[in-house]
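Start from the sequences and build out the full structure, keeping to the hints where you can.
2 protein chains.
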Amino acid sequence: MATIRLTIEYDGAPWHGWQVQAGRATVQQALEEALETVLRTRVPVTGSGRTDAGVHARGQVAHFRSESPVDARRLKVQLNGVLPPSVRILAVAVADDAFHARYDARRRRYHYHVSTEPRVLDRAWRVPVHASVDFACMNDAALALVGTHGFDAFCRTASETENRVCTVYRAAWESEARHGDWRFVIEADRFLHGMVRAIVGTLLQVGRGRRPVTDIARILAAGDRREAGPAAPPEGLVLERVVYGPPER
Amino acid sequence: MATIRLTIEYDGAPWHGWQVQAGRATVQQALEEALETVLRTRVPVTGSGRTDAGVHARGQVAHFRSESPVDARRLKVQLNGVLPPSVRILAVAVADDAFHARYDARRRRYHYHVSTEPRVLDRAWRVPVHASVDFACMNDAALALVGTHGFDAFCRTASETENRVCTVYRAAWESEARHGDWRFVIEADRFLHGMVRAIVGTLLQVGRGRRPVTDIARILAAGDRREAGPAAPPEGLVLERVVYGPPER
Chain P
187 MATIRLTIEY DGAPWHGWQV QAGRATVQQA LEEALETVLR TRVPVTGSGR
237 TDAGVHARGQ VAHFRSESPV DARRLKVQLN GVLPPSVRIL AVAVADDAFH
287 ARYDARRRRY HYHVSTEPRV LDRAWRVPVH ASVDFACMND AALALVGTHG
337 FDAFCRTASE TENRVCTVYR AAWESEARHG DWRFVIEADR FLHGMVRAIV
387 GTLLQVGRGR RPVTDIARIL AAGDRREAGP AAPPEGLVLE RVVYGPPER
Chain W
187 MATIRLTIEY DGAPWHGWQV QAGRATVQQA LEEALETVLR TRVPVTGSGR
237 TDAGVHARGQ VAHFRSESPV DARRLKVQLN GVLPPSVRIL AVAVADDAFH
287 ARYDARRRRY HYHVSTEPRV LDRAWRVPVH ASVDFACMND AALALVGTHG
337 FDAFCRTASE TENRVCTVYR AAWESEARHG DWRFVIEADR FLHGMVRAIV
387 GTLLQVGRGR RPVTDIARIL AAGDRREAGP AAPPEGLVLE RVVYGPPER
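Line by line, the protein sequences give chains P and W.
Everything in the first sequence is counted per the numbering used here, starting at 187 for the first residue and increasing by one.
Everything in the second sequence is counted per the numbering used here, starting at 187 for the first residue and increasing by one.
It should be emphasised that the hints constitute simulated quantities derived from the structure, not laboratory data.
Please read all numbers here as calculations on a predicted model, not as lab measurements.
All C-beta atoms, glycine included, are put in the ideal place defined by N, C-alpha and C.
Any given hint could be a false lead.
Unchecked claim - Stretch by stretch, here's where chain W covers chain P in the computed footprint (C-beta under 8 Å, at least three residues):
1. 290 to 297
2. 301 to 314
Claimed, not checked - What follows is a list of derived Cβ distance ranges for each label pair:
3. 230(W) <-> 303(P): 54 to 64 Å
4. 366(P) <-> 320(W): 30 to 40 Å
5. 206(P) <-> 347(W): 50 to 60 Å
6. 219(P) <-> 254(W): 33 to 43 Å
7. 268(P) <-> 317(W): 11 to 21 Å
8. 318(P) <-> 258(W): 17 to 27 Å
Unchecked claim - Partner residues aside, some chain W positions facing chain P, computed with beta carbon under 10 Å:
9. 196
10. 240
11. 244
12. 272
13. 276
14. 285
15. 410
See below:
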């Protein structure tokens with residue numbers, strides 16, 4: 187028995203998100219089918235968490251358990267030979283037997299990419315925003331997100347999750363290499379359904395002067411999704427990294 | 187009479203290069219058609235130079251002359267409203283009357299992007315290379331390119347250009363943000379047809395130990411295209427920037 191850990195990059199555009207859904211193409215399903223082709227047996231794959239339709243990943247992590255020993259290096263090449271070009275295995279490693287991609291994940295980091303300038307080569311994962319957006323002002327507003335709070339106001343109302351308390355370690359806009367390009371970096375122990383996109387959509391309203399900087403704290407306290415802004419589009423969002431380690435609390 | 191300077195980004199994949207060719211979709215033609223729609227008159231557009239089919243640009247520069255005054259800011263918005271998403275106008279500026287995008291260009295800078303790791307989100311403009319490629323070794327080899335030389339050996343044999351002397355100011359591989367990602371940066375006063383791709387294809391042979399580091403100087407001196415390696419694929423190549431200024435010599 188071996189536990190295998192996979193690090194996965196994917197372009198979210200062609201997929202209905204990570205999680206298997208009947209009748210829809212998902213990354214998890216594509217991966218299970220590729221593994222079935224290579225290993226000649228069906229094995230379930232467990233991801234660190236779901237990503238929504240259209241959301242990308244540069245560092246999704248998943249695991250599966252194998253009855254027979256696995257040559258990690260060979261499996262990486264084999265899987266990439268079978269998977270469509272929109273999904274690549276970046277790394278395959280033999281993990282501790284007990285490793286669990288979801289339960290052992292301590293932090294997840296997302297990037298949301300925008301630009302105030304027209305863009306071509308990264309248009310699949312960078313969303314245009316108005317030139318007047320005030321990033322310093324959004325950074326002031328984002329400070330209210332850091333810490334442990336109930337994020338009910340930034341969770342999709344249809345979500346069944348009962349515990350909506352998350353600890354946000356970092357939430358800040360950073361300028362990128364090209365003039366006009368920015369990314370919102372958010373790192374937390376967990377994320378609720380639609381959370382990053384609701385936060386970005388609300389911050390962008392602050393950045394355009396449509397909400398006061400103090401609104402984020404007010405919305406968090408209100409705990410009502412209707413108080414927050416609209417969800418930003420999925421294509422700007424990338425699951426950048428999942429951090430593993432001993433429990434933090 | 188006004189001379190208008192355009193800075194243009196494009197995804198080379200859907201286009202048969204920059205330059206107008208009968209019966210083929212090119213960026214220059216798309217731009218002339220967009221200008222015709224906006225200005226209601228056909229004006230020829232002159233680029234800083236050609237790019238081949240499949241080659242991208244983040245900073246192509248072009249000019250056109252207009253009989254009537256032009257509102258630069260408005261023209262940018264109008265052109266981007268008419269052009270396909272694979273072509274964006276990054277900047278529109280009123281230039282000196284005598285400005286010429288090709289004759290006044292002093293230096294052109296190209297980037298060629300590769301990765302030793304599997305890649306998804308930038309797969310349209312990053313070419314996979316073998317994990318064993320030795321970048322330090324390729325950098326040693328690339329030093330022989332810097333300076334003023336006849337680049338006959340790195341010019342497509344079908345090219346009609348008679349003067350094949352170019353001055354290369356910079357030619358080096360640089361590692362990028364993600365582990366395994368590298369770009370070859372080359373800056374010169376001018377480039378011959380197929381020159382960067384022939385250079386990259388030859389350097390990659392050096393990087394894999396198939397040619398000695400000293401081979402670049404030998405090939406330059408031989409001046410024979412058959413001595414150099416195969417052209418690297420077009421999709422890794424980006425015209426990054428065109429530098430204008432007073433004549434350098």
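A quick look at each hint next to the structure:
With a cut-off of 8 Å between beta carbons, the region 290 to 297 of chain P has 0 residues touching chain W; three or more are needed, and the interface restraint is violated. With 9 residues bearing a CB less than 8 Å from a CB of chain W, the region 301 to 314 of chain P meets the requirement of three and the coverage assertion stands. In this structure, residue 230(W) and residue 303(P) break the distance hint of 54 to 64 Å, their C-beta atoms being roughly 27 Å apart. As the Cβ distance of residue 366(P) to residue 320(W) is approximately 36 Å, the hint placing it in 30 to 40 Å holds.
Separated by about 57 Å at the C-beta atoms, residue 206(P) and residue 347(W) satisfy the suggested range of 50 to 60 Å. Checked against the given bound of 33 to 43 Å, the beta carbons of residue 219(P) and residue 254(W), roughly 60 Å apart, lie outside it. A hinted range of 11 to 21 Å for the beta carbons of residue 268(P) and residue 317(W) is consistent with their spacing of about 20 Å. In this structure the hint that residue 318(P) and residue 258(W) lie 17 to 27 Å apart at CB holds, the actual value being about 18 Å.
Hint status for residue 196(W) relative to chain P: holds, with the closest Cβ pair at about 6 Å, below 10 Å. Residue-level restraint check for residue 240(W) is violated (minimum Cβ-Cβ distance to chain P is 13 Å; threshold 10 Å). Checking residue 244(W) against chain P: minimum C-beta separation of about 7 Å stays under 10 Å; hint holds. Of the supplied interface hints, the one on residue 272(W) holds, with its beta-carbon coming within about 6 Å of a beta-carbon of chain P, less than 10 Å.
With a least beta-carbon distance of about 6 Å to chain P, the hint placing residue 276(W) at the interface is held under the 10 Å criterion. Hint status for residue 285(W) relative to chain P: violated, with the closest Cβ pair at about 22 Å, above 10 Å. Taking 10 Å as the C-beta contact cut-off toward chain P, the hint placing residue 410(W) at the interface is violated, the least distance being around 35 Å.
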